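> First to last, the sequence lines map onto chains A and B. Going from the first sequence to the working numbering is simple: count from 1 and add 231. Going from the second sequence to the working numbering is simple: count from 1 and add 108.
Simulated from the structure, these hints should not be mistaken for laboratory data. Just so we're clear, the structure is a prediction, and the values are computed from it rather than from any experiment. Treat the hints with caution; some may be incorrect.
A few chain B residues that face chain A, going by a derived Cβ cut-off under 7 Å, partial list only [stated by the list, open to error]:
#: 1; residue: Val117
#: 2; residue: Arg199
#: 3; residue: Leu202
#: 4; residue: Thr211
Using C-beta positions, here's what the derived DEER-type ranges look like [stated by the list, open to error]:
#: 5; chain 1: A; residue 1: Arg299; chain 2: B; residue 2: Pro187; range: 45 to 53 Å
#: 6; chain 1: B; residue 1: Val145; chain 2: A; residue 2: Thr308; range: 46 to 54 Å
#: 7; chain 1: B; residue 1: Glu144; chain 2: A; residue 2: Gly368; range: 36 to 44 Å
#: 8; chain 1: B; residue 1: Gln181; chain 2: A; residue 2: Val330; range: 48 to 56 Å
#: 9; chain 1: A; residue 1: Leu293; chain 2: B; residue 2: Tyr222; range: 48 to 56 Å
#: 10; chain 1: B; residue 1: Phe186; chain 2: A; residue 2: Phe297; range: 33 to 41 Å
#: 11; chain 1: A; residue 1: Ala304; chain 2: B; residue 2: Glu144; range: 40 to 48 Å
#: 12; chain 1: A; residue 1: Thr308; chain 2: B; residue 2: Lys136; range: 46 to 54 Å
#: 13; chain 1: B; residue 1: Ile115; chain 2: A; residue 2: Ala323; range: 32 to 40 Å
#: 14; chain 1: A; residue 1: Lys295; chain 2: B; residue 2: Trp129; range: 34 to 42 Å
Cβ coordinates follow ideal geometry from the N, Cα and C atoms, glycine included.
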Amino acid sequence: MAIDIQLDPRGVRFGAAVSLLVALVAVVLGPTLAGLLVTATLALLFVPGAIWGPQSTVQAALFKTFIRPRLSAPTETESSLPPRFAQQVGLACAVVALVFGLVGLPVGFFVGAGFVVVASFLNAVFGLCLGCEVYVGFKRLVAAR
Amino acid sequence: MLERVLIIVAVLAVASLAYLWWQRRQGKVTHIDDAEVFPAAGAGIELAARATFIQFSTPTCARCPGTRRLLHQVADGFPGVGHAEVDAIERLDLADRFNVVRTPTILVVDGAGYVRARMSGPPSREDAIAALDEVPPVDYSI
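Between the sequences and the hints, there should be enough to build the whole structure, so can you do that?
Structure follows, in C-alpha cells:
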C-alpha cells in the first residue's frame with residue numbers, strides 16, 4: 232500500500248505549515264460548529280498522507296504547483312515512511328479532537344487539536360518531525376506485543 | 109478569543125524552548141559506567157582494535173546517511189577506530205537490548221566488545237572525537 236519513496240524535505244515542512252494554519256484556526260474557533268468543520272477539514276487533509284504518504288496530500292499538490300518550481304533542486308531527500316507515520320498520528324489527534332468536540336467535551340477537543348498545533352509548529356519552524364523521531368520506539372512497542 | 113490566542117502563543121513558546129534544549133543535547137556523548145558487551149559477532153561486525161562506532165540506523169532515517177559519512181571520516185583519521193552500521197528495524201532485538209529509541213544512535217564499543225559510551229541523535233565532528241576519548245588508545249611498549 233505504502234511504498235518507500237524519497238521526498239523533498241521542504242515539501243514536508245510546507246505541508247506541516249498548512250496543517251499548522253488549519254489547526255490554529257480550529258483551536259481559535261473552539262468546539263463550535265465552524266470550529267468542528269475546520270477540524271473535520273484538518274482530519275481529511277491528513278487522510279491521504281496517512282494512507283499513502285505525504286506525497287499524496289493536497290498540501291503536496293500545492294507545493295508541487297506553486298512553490299517547487301521556484302526552488303532549486305533539494306540538496307538531500309528523505310524517506311516517505313516516517314512522515315507518513317507522523318501523518319497517521321496527526322490524523323488520530325484530529326479525529327480525537329473532532330469526536331470530543333461532537334460529544335461536547337471541550338477539554339478533549341483542545342488537547343487533540345493543540346497537539347496538532349504543537350507538532351506541526353515544530354515541524355514547520357524547526358524541521359523537527361516528532362512522529363519520525365519516535366518511529367523506532369514505536370516499532371519496538373509494536374514488536375513487543 | 110484573545111485568551112485562546114495568548115494561550116497558543118504561550119504553549120508554542122514553551123514548545124520552542126523545549127526543542128532548543130533538546131537540540132543542544134543532540135549527539136552529545138554519554139559515558140557508560142557499567143559497560144555491557146555488544147554481541148558484535150552475532151551482528152556480523154568485526155571490531156576495530158581501539159574503538160568501533162556502531163551506528164543504529166533505519167533505511168527511512170533522514171539524518172543517518174550524513175552521520176555515516178561523518179563517522180567514516182572520523183574513524184579514518186584515528187588508528188584502530190572503525191565504523192559499522194546496524195539496521196534498527198531488522199535487529200529490533202539489539203535496539204531493545206541497548207534501548208535505542210531513535211536513529212541515529214551510536215554505541216562506542218572498545219576492542220574487547222564493551223559499550224563504553226553512546227550518542228543519541230546526529231553527533232557533530234567534535235562530539236564524535238570526544239566520544240573516542242572514552243576509549244583511550246592502548247600503549248604498547250613492544
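> Give a verdict on every hint.
Right, here's what the structure says about each hint:
no. : hint                            : result
1   : Val117                          : 11 Å, violated
2   : Arg199                          : 11 Å, violated
3   : Leu202                          : 11 Å, violated
4   : Thr211                          : 6 Å, holds
5   : Arg299/A / Pro187/B: 45 to 53 Å : 47 Å, holds
6   : Val145/B / Thr308/A: 46 to 54 Å : 37 Å, violated
7   : Glu144/B / Gly368/A: 36 to 44 Å : 20 Å, violated
8   : Gln181/B / Val330/A: 48 to 56 Å : 51 Å, holds
9   : Leu293/A / Tyr222/B: 48 to 56 Å : 52 Å, holds
10  : Phe186/B / Phe297/A: 33 to 41 Å : 49 Å, violated
11  : Ala304/A / Glu144/B: 40 to 48 Å : 44 Å, holds
12  : Thr308/A / Lys136/B: 46 to 54 Å : 27 Å, violated
13  : Ile115/B / Ala323/A: 32 to 40 Å : 23 Å, violated
14  : Lys295/A / Trp129/B: 34 to 42 Å : 35 Å, holds
When each numbered hint is compared with the structure, violations occur for hints 1, 2, 3, 6, 7, 10, 12, 13.
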